[in-house]
Structure formats: structure tokens, C-alpha cells
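Trainee: Chain by chain, the residues run as shown.
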Amino acid sequence: MTTLLLLALAVPVAGAVFIALLRRNPNAREAASLVTAGALFAIVLRIYQAVSGGARPEVTLAEPLPGIRIALEAEPLGVLFALIASFLWIVTTAYSIGYMRGHHEKNQTRFYLFFAFAIASVMGVAFAGNLFTLFAFYEVLSLATFPLVTHAGTEKAKRAGRVYLGILFSTSVVFQLLGIIWVYAVAGTVDFEPGGILRGNVGAGLVPILLALFVFGIGKAAVMPFHRWLPAAMVAPTPVSALLHAVAVVKAGVFAVLKVTVYIFGFEFVAETGASLWLMWAAAATIILGSLVAFTKDNLKARLAYSTVSQLSYVVLGAMLANALGVVGSGMHIAMHAFGKITLFFCAGAIMVAAHKSEVSQLNGLGRQMPVTFAAFLIGTLSIVGLPPTGGAWSKWFLGVGSVEAGQIGLVAVLMLSSLLSLAYLLEIPLRGFFGKEAGGTHAPADGHAHAAGGGPADAHAHAGAPGHDDHAHHGAPRWSVAAIAVTASACIALFVYPEPFYRLMTMVTGQ
Amino acid sequence: MSAHLPILQVVVPLLAAPFCLFLKRGRMAWGLAVFASWAALAIALALLGQVTQEGVLSYAIGDWVPPIGIEYRVDIVNAWVLVIVSGIGAVVAPYSMASIEREVEAGRIPLFYAAYLLCLSGLLGITITGDMFNVFVFLEISSLSAYALIALGQARRALTSAFRYLIMGSVGATFIVIGIGLLYVMTGSLNMADLAQLLPEVWDSRTVKVAYGFLAVGFCLKLALFPLHLWLPNAYTYAPSAVTAFMASTATKVAVYMLLRFFLTVFGAPFSFDVMALDRVLLPLALVAIASMSLVAIFQVNVKRLLAYSSVAQIGYMILGLSFATVTGLTATLLHLFNHALMKGALFMAMGCVMYRIGSVHINAVAGLGRRMPWTMAAFVAGGLSLVGVPLTVGFVSKWYLILGALERGWWWAAILVLLTSLLALVYIWRVVEVAYFRDFPGDEATREAPWTLLGPTWALVALNLYFGIDAGRTVGIARQAAEVLMAGIGP
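In order, the protein sequence lines correspond to chains E and H. Be aware that the first sequence starts at 0, since it is given in numbering that gives the first Met the number 0, and climbs by one per residue. Be aware that the second sequence starts at 0, since it is given in numbering that gives the first Met the number 0, and climbs by one per residue.
Simulated from the structure, these hints should not be mistaken for laboratory data. It is possible that part of the hints are untrue.
Restraint-style ranges between C-beta atoms, simulated for each label pair [what the hints assert, rightly or not]:
no., chain 1, residue 1, chain 2, residue 2, range
1, H, S1, E, V12, 40 to 48 Å
2, E, G199, H, E139, 55 to 63 Å
3, E, A13, H, G48, 37 to 45 Å
4, H, L465, E, N106, 20 to 28 Å
5, E, R198, H, E139, 41 to 49 Å
Derived contacts from chain H toward chain E, CB cut-off under 8 Å, selection only [said to hold, decoys possible]:
no., residue
6, A414
7, L416
8, L422
9, V475
Some chain H residues flagged as far from chain E (calculated, every beta-carbon gap over 10 Å) [stated by the list, open to error]:
no., residue
10, L14
11, R155
12, I166
13, K208
14, G388
15, G455
16, G468
17, G476
C-beta atoms are modelled at their ideal positions from N, C-alpha and C, and glycine is treated no differently.
Between the sequences and the hints, there should be enough to build the whole structure, so can you do that?
Mentor: Quick look at the structure:
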């Protein structure tokens with residue numbers, strides 16, 4: 000059983016090695032990527048079976064400091080996160096093959112290599128057995144994704160990389176690490192235990208401070224004012240934005256917040272001490288402000304990025320509600336938002352490759368040429384907003400009920416307002432696509448115009464010097480990419496009918 | 000044989016030094032230096048093993064019984080420092096061959112190795128001896144040879160840097176010898192263990208307190224505590240690369256050891272903290288050193304000078320641990336002695352590789368080296384991450400205990416300062432990394448990776464940075480044991 004845990008880390012690393020070895024043969028290299036992703040998902044699935052049967056496999060890799068271990072342990076919350084990340088890695092790999100080739104990106108080997116390293120560190124985060132291990136893999140994840148963010152190698156990418164690493168690193172080192180050492184100083188351990196390890200070890204005055212150190216110190220959760228890195232990271236190729244900055248990296252952040260709340264503090268203890276009362280309003284403010292900023296963005300990826308900022312705080316909010324319903328909603332939202340948002344990013348990338356459009360205002364009428372893509376975008380939108388028949392409805396439901404249970408009617412209003420906001424700024428895109436009037440042809444002149452007005456993420460100008468590619472516009476999105484979009488969009492609907500596995504995992508977490 | 004290890008620790012490199020002069024060829028002198036350095040490391044490891052099993056070792060030189068004769072006294076504290084010093088020597092010595100042949104003219108190479116071995120034996124002597132005056136003698140041996148080593152640098156400014164160091168170093172040594180003299184007047188003894196017994200009777204006398212003051216200033220000059228650090232940046236910048244790597248990892252560490260040994264063993268921790276308020280004097284200096292020198296490092300354009308200012312800041316961390324006046328704080332200090340030697344050694348050696356190929360250590364000189372000299376720059380990145388304190392490197396271990404010490408005292412602001420300044424370290428390391436990886440290489444196509452004779456030792460240190468970051472159980476155990484020995488007489 001423990002070998003499965005080790006394999007979950009080792010398989011992506013081994014995949015990275017194969018990717019590097021096969022760099023001369025792109026087809027073999029991509030095949031290696033796909034096989035690795037599939038193998039990883041199979042492994043995580045086996046772990047899921049064991050954990051839902053009640054097993055809690057664990058393994059210690061090393062003991063860097065006396066009493067501080069690098070240990071892996073599978074528990075329901077981590078399994079939920081690992082399931083989502085590893086499944087979506089398969090889909091994203093398929094998508095990337097279409098995207099990276101269709102977009103003629105350079106240094107594709109480096110891209111697949113660091114992608115595999117990033118997934119390995121995500122597995123480390125998901126199965127971390129204590130705070131120290133979580134922190135270590137969290138930092139490795141920042142480092143592994145840095146070359147992906149700066150993939151274009153331009154001045155702009157370099158600046159974005161500085162913001163990215165700067166914010167993630169400084170918050171984690173100054174707040175999170177301080178929190179970890181403080182927890183160790185008072186509790187004498189940093190292991191994750193059901194019910195938490197702090198009860199009886201700290202005075203009530205210290206709990207809010209410690210909790211704040213984690214909520215803000217886990218910068219990947221993008222709670223304002225530490226959210227700037229996420230829009231900056233959009234300079235990366237779209238598959239990176241899709242898997243890492245809608246699923247793996249940002250979810251590693253909110254997952255860590257949830258995990259710390261449940262297994263270090265214990266959500267009952269948080270509720271008793273009232274430690275999260277002001278933090279839930281910090282999350283609520285991020286939810287509303289993120290939506291409002293998303294409104295002002297014409298660049299499609301930037302709009303999606305701010306939507307992510309807003310949606311991530313739903314998960315944080317669920318954790319801060321500190322009751323069983325909130326925690327269930329929080330965990331389910333990790334899953335539901337992942338499927339919804341990755342669909343939206345896939346669509347954005349497909350539009351970019353097929354039509355070279357990156358701004359919302361350029362999308363008029365494009366839906367009639369790319370019906371699958373825009374239909375999928377509509378489904379993704381519904382899931383993000385939380386409307387049936389999509390999975391997003393479930394997590395919003397639990398978060399709302401959890402807010403009522405916590406006696407925070409104001410938060411219910413926040414949730415509803417933000418749903419309306421996100422409906423407005425996301426629905427604009429399929430509406431323009433299907434019903435908008437084309438402002439001229441989609442032929443060469445319009446395309447050139449698109450680049451002049453671009454100024455968005457690096458992808459927008461990757462083609463500026465290659466007018467010969469305009470004939471792409473009518474080829475539609477690459478076939479691999481469309482298949483990936485279809486998979487995630489159908490998953491959004493399937494999760495409405497069958498949210499059971501994720502729900503069951505979360506009830507195991509809350510112990511009900 | 001094993002009974003004589005304490006004296007062999009010093010005598011082997013000391014005797015090897017003059018033989019270097021007889022060997023006309025540089026390579027032969029180098030071979031002798033490598034042999035002597037490795038022998039010193041083997042002896043130091045053997046001593047550490049003996050001490051952990053049998054406790055304190057006492058060696059009477061010429062069988063003159065202490066406190067009359069000179070005693071070499073090895074406990075866990077100085078056995079630890081001996082391993083650090085000789086370990087760095089054992090890595091730098093093989094590295095020095097290629098580096099020194101490039102940077103020092105051929106005729107002076109045997110002289111270089113003679114001076115290097117003298118410096119090594121001086122540092123080992125200071126560490127191992129249990130006699131105060133003997134400390135002063137070895138201090139002069141190591142200092143004078145260090146001035147000569149620095150003056151061998153290529154740039155003419157190496158001469159003025161060495162001269163400046165000589166002036167400041169001599170002032171420091173004079174202060175120390177005055178302090179030792181005053182203590183001798185008061186007690187009639189030069190043996191440290193003996194003094195520790197005699198001093199409590201005369202604690203109240205003003206002479207003892209004045210002696211304490213002289214010693215404090217002298218040590219702080221030698222260990223380059225802000226604001227007495229002015230000699231250090233130039234000395235490290237203009238010295239030959241191998242010398243910088245050696246000195247940065249050993250000389251200041253031994254000075255910190257002297258301070259710990261005198262103030263905590265000879266005077267005793269209760270006297271230092273309760274009567275002389277050592278902690279309250281050192282705390283502000285350490286904080287200012289860490290913050291200001293990290294800031295200054297950010298604005299340097301010469302990478303060796305950048306690392307030199309970083310060293311002054313890192314010394315601040317060591318002194319900060321001491322100023323917590325707890326076992327955990329002192330554990331952090333002793334850990335950082337070792338860990339900082341590993342990381343700074345690796346960083347300076349990586350820059351030595353750059354110097355070897357490019358001939359400059361200006362920040363623009365590393366442009367594009369991320370692709371051109373991948374192993375060198377990867378070593379720099381790894382050493383840099385360790386300096387910043389990323390988990391699974393030794394830097395993280397030091398930081399962990401330093402912050403734990405601060406929180407134990409309830410000084411959360413000190414913990415935050417340590418964390419914030421580690422971000423400053425990230426900034427100055429990142430400046431170099433960005434130039435190396437994001438700019439194109441301007442030089443000619445023939446430029447290749449540094450030879451393995453340079454890369455091997457560099458990567459040996461990098462590997463140790465990672466190894467002791469992943470498995471710090473042994474180093475933490477030794478450091479804590481040593482801290483408990485030093486803090487004897489004061490609660491945990």
C-alpha cells in the first residue's frame with residue numbers, strides 16, 4: 000500500500016526523465032507524457048479505493064530534523080485533490096499536444112519536463128503527512144512552475160516571473176513558515192491529526208493570529224491582497240494556465256488552507272475560539288472584489304484569472320465557516336471549480352490557436368465557427384456560477400447552507416451577489432460568440448487588427464510576425480484540444496448527476 | 000598514536016608548511032597541501048568520534064601538567080569547529096590547484112601553499128588549545144598568513160585590502176592580548192579550565208570587567224560583527240577565489256568560536272548574561288547587521304563583494320542566536336557555523352569557476368552562463384537556495400532553530416525579521432540568477448564549462464548542503480550537545 004504512495008511521487012518524476020530522453024522524437028515524447036499521466040491516475044485510483052475502504056497508508060521518507068519528518072499519508076481530502084489533479088493531467092496533456100503544436104511553441108521538451116515535475120510536487124502536497132512536508136512540496140511546486148510561467152522568455156514573461164515567485168515565496172516564507180514553526184513551538188509536533196493538534200496547547204488569543212498566518216501565508220490560495228501573482232502567471236502558455244493556474248497550483252493553495260484548518264486547528268476548535276470570524280470576511284471581500292475586477296478585463300485569460308481569484312476564496316470561505324457543511328462545500332468546490340475552470344481555459348486556448356483572438360470584444364460571431372468550443376464554454380460558465388445541471392450547483396449549495404448554519408446571513412448574500420456577477424461577466428463570452436455581429440471578416444486584415452489591439456498574455460503576440468498562419472482561422476481548433484474540451488465539459492454535467500464520490504470523501508473528512 | 004591526535008591536528012599542517020617552500024614545483028606543493036588538509040580532516044573526525052564517546056580529552060604538551068604547561072583540550076564544542084575548519088580545508092585544497100594556477104603567478108605558488116597551510120594550522124590551533132596565550136599565538140599565525148594570502152590577489156587593490164585587514168586585524172589582536180593580560184594579572188593563570196575556576200572569586204573587580212570589554216571588541220573585530228566589519232568586503236572581493244572560499248567559511252567561524260569559548264566557558268554563561276548583559280549588547284548589533292548588510296548586498300555589482308556583504312549579514316544570524324541566551328538559540332548559532340560554511344563555500348567556489356573561465360566576477364560577467372556553464376550556475380543556484388533557507392537545504396535547518404529560539408523567548412518580531420531578511424537574500428541571489436539565465440552570452444563561442452577539478456569540489460559542497468538539509472539529525476544533535484556544554488550553569 001505504501002508503495003502506491005511512493006509511486007504517486009516517483010511516476011511523474013520518472014516520466015520527466017523519459018520526456019528528457021525522448022526529446023529528439025516529439026511523438027514518443029508526447030506518448031511518454033500521456034502514458035505517465037494515465038499511470039499516475041491509475042495509481043491514485045487504487046489509493047482512492049483503499050482510503051475509501053478506511054485505510055490510511057503512510058510512509059516516512061526522511062527525518063531532516065529530530066521530530067520533523069518528510070512523510071506521506073493518504074487521507075480523504077488529499078485523495079480528493081490528487082484524484083482531480085491526476086485525472087485532469089491526462090486531459091491537459093492531450094490538450095497540450097494540440098495546443099503546443101498548433102501554436103508552434105518553442106522549447107516543448109522543457110515544457111513537458113517541468114509540467115511533470117509540477118505534477119510530482121502536487122502529489123507531494125496532496126499526500127503530505129505533516130506541515131513540514133506540505134511546505135517543502137509547496138515550495139518545490141513554486142520553483143517547478145517558474146520555468147513554465149516564464150516559458151516565452153520575453154521581458155514581459157521575466158517580469159511576470161518575478162511577481163509570481165516574489166509573492167508566492169515571500170508570503171510562504173514570512174507568514175506560512177512562521178506559522179509552522181510557531182505551531183511546532185507550542186504543540187511540539189507538526190503532524191496532521193484528525194481533530195487538530197492545537198487544542199489545549201494555545202491560548203485563545205493566539206489562534207486567530209496563527210490561522211491568519213496560514214490563510215495569508217499560503218499565497219497560492221490568492222486571498223487578497225496577495226493575489227497579484229495569479230493574473231501575472233497568465234503570461235504562460237494556455238495549458239499551464241489551465242491545469243496549473245486553474246487547478247493544480249491554486250488548488251494546492253486552497254487545499255492547504257482547508258487541510259490546515261481541519262487537521263492542524265480542527266474546525267470545531269476554530270469555531271469555538273471564533274478565530275475565523277474576520278477571516279471569512281476577508282475571503283468574502285476577495286470573492287466580490289475579484290468578480291468586480293473580472294468585469295473590467297477585456298483580455299479573456301485575465302478575466303478568467305480574476306474569476307479564479309474570486310472562486311478560490313469560496314473554498315477559503317468554506318474552511319473559515321468552521322462547520323461540517325462548510326468544510327464539505329469547500330472540498331467539493333475544489334473539485335467542481337477545477338472541472339469548470341479548466342474547461343473555460345481550454346476554450347480560451349482553442350480560440351487563441353484557431354482564431355488568434357485573445358480579447359473578449361473580438362469574439363463576436365466566432366461561436367458559429369467553433370460551436371463545440373463555445374457550447375463547452377457555456378457549460379463551464381454554468382458550473383462556475385453554480386447552476387444546474389452542472390456540478391458547481393452542489394458546492395454552492397453546501398457553502399450556502401454552511402453559511403446559514405454558521406449564522407452568517409450576510410455571507411449568503413455575498414455568495415448570491417457573486418454568483419450573479421460571475422454569470423454576467425462569463426455569459427458575455429458565449430453570448431457574443433453565438434449572437435454577436437462580426438465586426439468585419441475573420442480573414443487576414445481582422446487578424447492583424449487583433450494583434451495590434453492585443454497587449455494581452457504572451458500568446459497573443461506569439462504569432463505577430465507570422466501572417467502566413469492566418470489560414471488557421473478556418474481550420475478550427477486542433478482535434479486533440481477539442482476532445483479534451485469535450486471531456487471536461489461532459490464531466491461538469493456528469494458531476495451534477497453523480498457527485499457522490501467527492502461527497503463521500505468529504506464526509507469522511509468531517510467525520511459524519 | 001590516538002592519544003597524540005590533539006597535537007597532530009596542529010603539527011601536521013604546521014610542519015607541512017615549510018616543506019612547501021622546498022618543493023620548487025607548484026603541483027608538488029599542492030599535493031602536499033592536499034595531503035595535509037585531508038590528514039587534518041581525518042584527525043578532526045577521529046577526535047569528534049573520541050569526544051562523543053569518551054567525553055573531554057586533555058593533552059598536556061611536553062607532559063607539562065596543566066595549568067602550568069600548555070593544555071590542548073577537546074570537547075564537543077571545539078571538536079565540532081575543528082571538523083568545520085578542516086573539512087572546508089579538505090575541499091578547498093584540491094579545488095585550489097586549477098584556480099590558483101590561473102590567478103597566481105607560477106613562482107609564488109609554493110609560497111601560496113605554505114601560507115595556506117600556516118593559516119589552516121593557525122585556525123586549528125586557536126580552536127584546539129586550552130591555553131589563552133596560545134590562542135593569541137595561533138591567532139597571529141593565522142592572521143599574518145591570511146594577510147599574505149589576500150595580497151596574492153590579481154588586482155592591485157588586493158594589496159590595499161590586505162593592508163587594511165592587517166591594520167584592523169592587528170588592532171583586534173592587540174585588544175585580545177590586552178584582555179588576556181588583564182585576566183592573567185588578576186588570576187595568575189592562562190589555562191582556560193583553571194581560569195573558569197578562579198574567575199568567579201574576582202567577578203566584582205573592575206579589571207575583570209575591563210578585560211571582558213577589551214576581549215569583546217577584539218573578538219567582534221575578528222568575526223566582523225557590524226559595525227566592525229569594514230575590513231571584510233574588500234578582503235573577500237580581491238583575494239584569490241580559493242582563498243575567499245577558504246577564509247569565508249573558516250576565519251570568521253573560528254572567531255565566533257573564540258567568543259563563545261571565552262565568554263561562555265572561561266567567564267561562564269551566568270557572568271556573561273547576568274552580569275555583563277552580553278545578550279543585550281549583541282542583540283541590537285546583530286539585528287542591524289542582518290538587516291543593513293542584506294540591503295547593502297542587494298546593490299552590489301561585484302558578485303564576490305555581494306557574497307561578502309551577505310557573509311557579514313550571516314554572521315549577524317550567528318550572533319543573534321547567541322543573544323537569545325538559550326540552548327535553542329545557541330544551537331542555531333553552532334548549526335549556522337557549519338551550515339554557513341557549506342553554503343558560502345559552495346557559492347564562492349562557483350564564482351571561482353566563473354573567474355577561471357570568464358576572468359571577472361562582475362554581475363555582467365555571468366550573463367548567459369546558465370546555458371554556457373550549466374553545472375557552475377546550477378551549483379550557484381543550489382548554494383543560493385540554501386542561503387535563502389529553502390526547505391531540504393542546510394539553510395532551512397539553521398533558520399528553523401533560529402526562529403524556534405526567537406519564539407521560545409517570545410520575540411516574534413525577531414522571528415519576522417529573520418524571515419524578512421531571508422527574502423532580501425532571495426533578492427540578491429535572484430539578481431545573479433536572472434542575469435545568468437535570461438541574458439544571452441556575449442563572449443566567444445569557445446567558452447566552455449569549468450574543468451572538473453573545480454566542479455568536483457564545488458559540487459561536493461553542494462551535495463553536503465543537500466545531504467545535511469535532508470538528514471540534519473546528526474548535526475543538530477552535536478550542535479545541541481555543544482550548546483548545552485556552553486550554557487552549563489544556565490537553565491535551558
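Trainee: It remains to establish, for every hint, whether it holds in the given structure.
Mentor: A quick look at each hint next to the structure:
The hinted range of 40 to 48 Å is satisfied by S1 (chain H) and V12 (chain E), whose Cβ atoms lie roughly 45 Å apart. With their beta carbons about 58 Å apart, G199 (chain E) and E139 (chain H) fall inside the hinted range of 55 to 63 Å. The supplied range of 37 to 45 Å is met by A13 (chain E) and G48 (chain H), whose beta-carbon atoms lie about 39 Å from each other. Taken as a hint, the range 20 to 28 Å holds for the pair L465 (chain H) and N106 (chain E), whose Cβ atoms sit roughly 27 Å apart.
For the pair R198 (chain E) and E139 (chain H), the supplied restraint of 41 to 49 Å is violated, since their beta-carbon distance comes to about 60 Å. A distance limit of 8 Å between C-beta atoms decides the matter here; for A414 (chain H) the minimum to chain E is near 6 Å, and the interface restraint holds. The beta carbon of L416 (chain H) comes no nearer than 10 Å to any beta carbon in chain E, farther than 8 Å, and the hint placing it at the interface is violated. This hint holds: L422 (chain H) has a C-beta 5 Å from the nearest C-beta of chain E, less than the 8 Å allowed.
Taking 8 Å as the C-beta contact cut-off toward chain E, the hint placing V475 (chain H) at the interface holds, the least distance being around 6 Å. With a least beta-carbon separation of about 41 Å from chain E, L14 (chain H) lies farther than 10 Å from that chain, consistent with its non-interface assignment. No Cβ of chain E comes within 10 Å of the Cβ of R155 (chain H); the nearest lies about 37 Å off, and the non-interface call holds. The Cβ of I166 (chain H) sits about 40 Å from the closest Cβ of chain E, beyond the 10 Å cut-off, so the non-interface label holds.
Distance check for K208 (chain H) against chain E: the nearest CB is about 35 Å away, which clears 10 Å, and the non-interface claim stands. Distance check on G388 (chain H): its Cβ comes as close as 8 Å (rounded) to a Cβ of chain E, failing to clear the 10 Å threshold; non-interface status is violated. Chain E leaves G455 (chain H) outside its interface by the beta-carbon criterion, the shortest separation being 24 Å against a cut-off of 10 Å. A beta-carbon of chain E is positioned within 10 Å of the beta-carbon of G468 (chain H); the least distance is around 7 Å.
Distance check on G476 (chain H): its Cβ comes as close as 7 Å (rounded) to a Cβ of chain E, failing to clear the 10 Å threshold; non-interface status is violated.
In summary, the structure is inconsistent with hints 5, 7, 14, 16 and 17 from the numbered list given earlier, while agreeing with the others.
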